[in-house]
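A.B. asks: Under full-length UniProt numbering, the first residue of the sequence shown carries the number 1, and numbering increases by one thereafter.
Hints may be right or wrong, so weigh each one.
Said to hold, decoys possible - In silico DSS-like links for lysine-lysine, alpha-carbon gap of 25 angstroms or less:
id : residue 1 : residue 2
1  : Lys-83    : Lys-66
2  : Lys-67    : Lys-56
3  : Lys-80    : Lys-68
4  : Lys-66    : Lys-56
5  : Lys-61    : Lys-78
6  : Lys-78    : Lys-67
7  : Lys-77    : Lys-67
8  : Lys-77    : Lys-61
9  : Lys-47    : Lys-61
10 : Lys-68    : Lys-56
Think of the hints as simulated: they come from the structure by calculation, not from any bench.
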Amino acid sequence: MKSAIHPTYFPQAKVKCACGNQFTVGSTLEEINIEVCSNCHPFFSGKAKVIDTAGKVEKFKERMGKKKSLASMRGGKKHKMAKREARRQAARNEGKKV
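Turn these sequences into a full structure, and let the hints guide you.
C.D. replies: In structure tokens form, the structure reads like this:
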């Protein structure tokens, strides 16, 4: 086995979680930072909580709010369908007159 190609192994590597929990494992990295561990993960802890690191839930809610406000300004789908039907009726009526 070649000795110069393998990474250095640290048997007491420190793992730090965002919740403050720390433990040691064997790894090729000396220190590992993680966002979720068994201490704070909902499956292991039995507590349900929303993990939203990038603010995706807020972004989604903001987009949906904008869509709803635009839909109310335009009148919504029913208004759009009624307008389309009125145009069709007008086209049919003009076709009968000719």
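A.B. asks: Take the C-alpha atoms of Lys-67 and Lys-56, compute the straight-line distance between them, and say whether it is at most 25 angstroms.
C.D. replies: Holds - the C-alpha atoms of Lys-56 and Lys-67 are around 17 angstroms apart, at most 25 angstroms.
A.B. asks: Does Lys-66 pair with Lys-56 here, judged by a C-alpha cut-off of 25 angstroms?
C.D. replies: With Cα atoms ~15 angstroms apart, Lys-66 and Lys-56 stay inside 25 angstroms; holds.
A.B. asks: Does Lys-61 pair with Lys-78 here, judged by a C-alpha cut-off of 25 angstroms?
C.D. replies: With Cα atoms ~24 angstroms apart, Lys-61 and Lys-78 stay inside 25 angstroms; holds.
A.B. asks: Regarding the pair Lys-77 and Lys-61, is the alpha-carbon distance no greater than 25 angstroms?
C.D. replies: Holds: Lys-77 and Lys-61 sit about 21 angstroms apart, inside 25 angstroms.
A.B. asks: Would the pair Lys-78 and Lys-67 pass a check requiring their Cα atoms to be no farther apart than 25 angstroms?
C.D. replies: 16 angstroms, holds
A.B. asks: Is it true that the CA of Lys-83 sits at most 25 angstroms from the CA of Lys-66?
C.D. replies: Answer holds: Lys-83 to Lys-66 is near 23 angstroms, not above 25 angstroms.
A.B. asks: Given the hinted pair Lys-77 and Lys-67, is their Cα-Cα distance within 25 angstroms?
C.D. replies: 12 angstroms, holds
A.B. asks: Lys-80 and Lys-68: Cα distance at most 25 angstroms?
C.D. replies: 15 angstroms, holds
A.B. asks: Is the hinted pair Lys-68 and Lys-56 satisfied, with a Cα-Cα distance of at most 25 angstroms?
C.D. replies: 18 angstroms, holds
A.B. asks: Is Lys-47 within 25 angstroms of Lys-61, Cα to Cα?
C.D. replies: The given pair, whose Cα atoms are some 24 angstroms apart, holds under the 25 angstroms limit.
Checked against the numbered hints given earlier, this structure breaks none of them.
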